[in-house]
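This is what each chain is made of:
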Amino acid sequence: MMTDAVSRRTFLSRTGLIGCSLAASPLMTPISFAAAPWDTRLVVIILRGGLDGLDAVQPYGDPAYAALRPKALAGGPQNGGIDLDGHFALHPGMASLMPLWTAGELGFVHAVSTPYRDKRSHFDGQDLLEAGTDTLAEGARDGWLNRMLQAVPGVQADTAYAIGRGDMQLLKGPAPVANWSPDADLTLSPQAERLMDLLMQDDPEMHAALAEAQMLSEGGGGGMAMADDGGEMMMAQMQQASKGASHRKIARFAGQRLRKDARVAAFSLNGWDTHQAQGRNLTRALERLSETILTLKDTLKGPVWKKTAVVVMTEFGRTARENGTGGTDHGTGGLMITAGGAVRGGRVLGQWPGLDSGALYEDRDLMPTRDVRAHAAWVMRGLIGLDTSVLENSVFPGLDLGDDPGLLL
Amino acid sequence: MAGFNSELAAIRFGCGLSPVVDAPRSIDTMLQGLQSADAMAQTFPIESFDTFRETRMKAVAAQRKILKENRGSDIGKAARKQRNVLNRIARTDKGRWLGQNLLRRSYTEQGFFERLAFFWGDHFSAQGKQGLIRRATSPYIEDAIRPNMTGQFADLLKAAVLHPLMLTYLDQHRSVGPNSAFSMRKTAQGKAAGLNENLAREVLELHTLGVNGPYTQTDVTQLAELFTGLTFQVNVGFKFRKDMVEPGAETVLGKTYGDQMNRAPVLAVLDDLAVHPATASHVAWKLAMHFVSDTPDPALIDHVAAAFQATDGNLMAVYTALLDHPAAWQTDKMNFKFPVDFVGSACRALAIPPAPIQAFDEKGMQNAISTPMAMMGQNWQLPIGPDGWPEEDSEWITPQGLSGRVRWAMAVPQVLQPALPDPREFVDAALGSFAPDAVRFAASAAESKTEAIGLVLASPAFQRR
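Chains as they are written, first to last, in the working numbering: chain H, 1 to 409; chain F, 410 to 874.
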């Protein structure tokens, strides 16, 4: 494992990887082995596709709710929902999280959104959620979580992890971030490693990514003897990679890193775009999310879990009314989920706008009553101690933080 | 000023260099090749969607019916077993068709055609969501995309949008006019039926105008109402259901479309969207980005968009404009190959024989191709959303993605090509005059043939185009 100073130095000297192009590698920049800059842990999970917040946390106490969801998506305790507080009920797909709710380690914020409005495109919606800006007009190409890292001193190469096979816009930017998927380990013979390094000299972008891959691989970048059977060995390794549910593997990998030097981890879960057969599809997706959170808790163990806040966000909510195909279409106001030992859960927060026809956004979507970025900002303020001005000017430029919603203990 | 270069034409606009197939001689031969018969479809056939539906989907539907009527009995059990067999065969064939795709890329003389088939298949990205139809993306491309790539964009648009796979993928087949006869009937029975705006939104956002195009939520809803009636039935294929149509005319982008109970208003709105200036710009930008650079010369985009507009979206004119602009041949900002292009061009450079890849069973194909490609970031024909695969190089040049490429390059070529070439000759076959000295050196200095081949394939010179 690449977690101690010795193996890192060995890696660097053995492979001669300290070259000019390597300056671009996030893992190469600040080579110092001081203690981590802070002690709490932040996990951000992006739900891609638009979570239906009104089904995940069902406002059955709202008099207009039943009429909006009369058939396939009828909710509330009389339809299998788990009562939370007499007004909201939890979707049964998250039943396994009820012990966390009871322990105050699971909370919700309703009727939140990014500033994104009206076009309801997943792709722009996600870009804006991850950029953390007011609009996409300025073309901000770094993510708000990266800007947070830029604002705190002492961030190291492995302080923050973007996990999964895809890329996370959320963590992109100048601050060092490790990108990795738990099943991507690379092992090369020493000779192949040297030659590979030579080949990459003129391509800084590829060089940096490959150096990071070697760095993050179990065994820290090769040195493993591969004779003529090298091909078969790697073949066997690739086959290994496909086993096991990916969300659990990602959560376990995140947990393992966070127990050590990592302080921030981000990844995404797909499968939330429930235009049809939402009853079945959302249940599956929520079960995966629940397993992800529980795997994180199990892997982090007690003391680190106590210092952890998990923030779950999505690009937008969905239509208040169920559509003609047992699902919902793209909407506006949505749900944020918080979990972890550091959160003050057991509550559904947010200013509830109501579901009367007049209260809906464009007579169609849940009205957003607060910017989801404000909640994310208050979590970072409490967890990492960032100044309000940094959050309002750098991390989320132009955001008014408003009052502290009290998401953390 | 940069201009046509035979090797660059094969690398950038084709499937890469080959030791057995010549690179294109001129822009004219590239363009002529697009209009010749689809020879690769003959040599390495892939089933058409209609055959897929007619034979496989009907058979599965029949077994499902037997199962439903005989649940618990031996007849029911036999039907379930038969259904599972059919599902497994289709799963295996989806992998086999990926193999055929790689063989087409390996041996085609019209590399640009194969690349366009991927490009348009991705622009009109569609996948089945449940059951057997999940394996039908290759058959969809065979029917809707490949035969329609050299005519008018409008015809390609209509073929893709009205295709059963697209209708089911974006939920159109279940979208019902709220005031339609069907909806009234359902409401009387206490059941739900109504509009689903998924396809309408993506047609505007992804297929035609682009997300910055001049449309509003009202246009989306109106188009969704206009689209009602477009459905799919396993037994007949595409089916227009009058009883699902929302009565009355609809207005999209300020133009009102008639209230006929047939496809005519749908075809009319697609014809109009296909020639909209925003569509011209959107398609031009996407072509330039896919084929040339993440940051294409604006002059190139304008040139292609102008050709699109001047010809109401004649695709041959569009391709001509793409190829005859000097910016298309720049070599400063090379694109990074998608995983399928990386794997396909490796197969071509290796001149893999058809036998090993065609002999793979389901597991063999997963191990050698599909799972490694997923690690590289491209889970074959399963992009996350209808926007298809990302064009930006930065989405692919990730540590985990590069690790997947290096691992594949070191391990799999020897499986696909049992007679690995001499690595020094392979450098010429794979890169021609684009081979840097470092790659030549690495090919000769590696400890084994497999590592040498792997290094050539993993080199930036091979992974960029």
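In short, the hints are calculated from the structure, not lab data. For each residue, glycine too, the CB sits at the ideal point set by N, CA and C. Heads up, some of the hints might be wrong.
Listed next, with one range per pair, are the computed distances between beta-carbon atoms [said to hold, decoys possible]:
| no. | chain 1 | residue 1 | chain 2 | residue 2 | range |
| --- | --- | --- | --- | --- | --- |
| 1 | F | Ala-590 | H | Arg-117 | 27 to 37 Å |
| 2 | F | Ile-498 | H | Pro-303 | 49 to 59 Å |
| 3 | F | Lys-474 | H | Ala-64 | 36 to 46 Å |
| 4 | H | Asn-79 | F | Ala-590 | 22 to 32 Å |
| 5 | H | Gly-80 | F | Lys-474 | 26 to 36 Å |
| 6 | H | Gln-150 | F | Met-698 | 24 to 34 Å |
Does the beta carbon distance between Ile-498 (chain F) and Pro-303 (chain H) stay inside 49 to 59 Å, or does it fall outside? Once the Cβ atoms are compared, 52 Å apart, the range 49 to 59 Å for Pro-303 (chain H) and Ile-498 (chain F) holds.
Is the distance from the Cβ of Ala-590 (chain F) to the Cβ of Arg-117 (chain H) consistent with 27 to 37 Å? Given about 35 Å between the Cβ atoms, the range holds.
So the hint says 36 to 46 Å: do the beta-carbon atoms of Lys-474 (chain F) and Ala-64 (chain H) match that? holds, 41 Å
In this structure, is the beta-carbon distance linking Gly-80 (chain H) and Lys-474 (chain F) contained in 26 to 36 Å? holds, 30 Å
Cβ distance range 24 to 34 Å for Gln-150 (chain H) and Met-698 (chain F), holds or violated: holds, 29 Å
22 to 32 Å was suggested as the range; check whether the CB atoms of Asn-79 (chain H) and Ala-590 (chain F) agree with it. holds, 30 Å
When the structure is compared with the earlier hints, no violation turns up for any of them.
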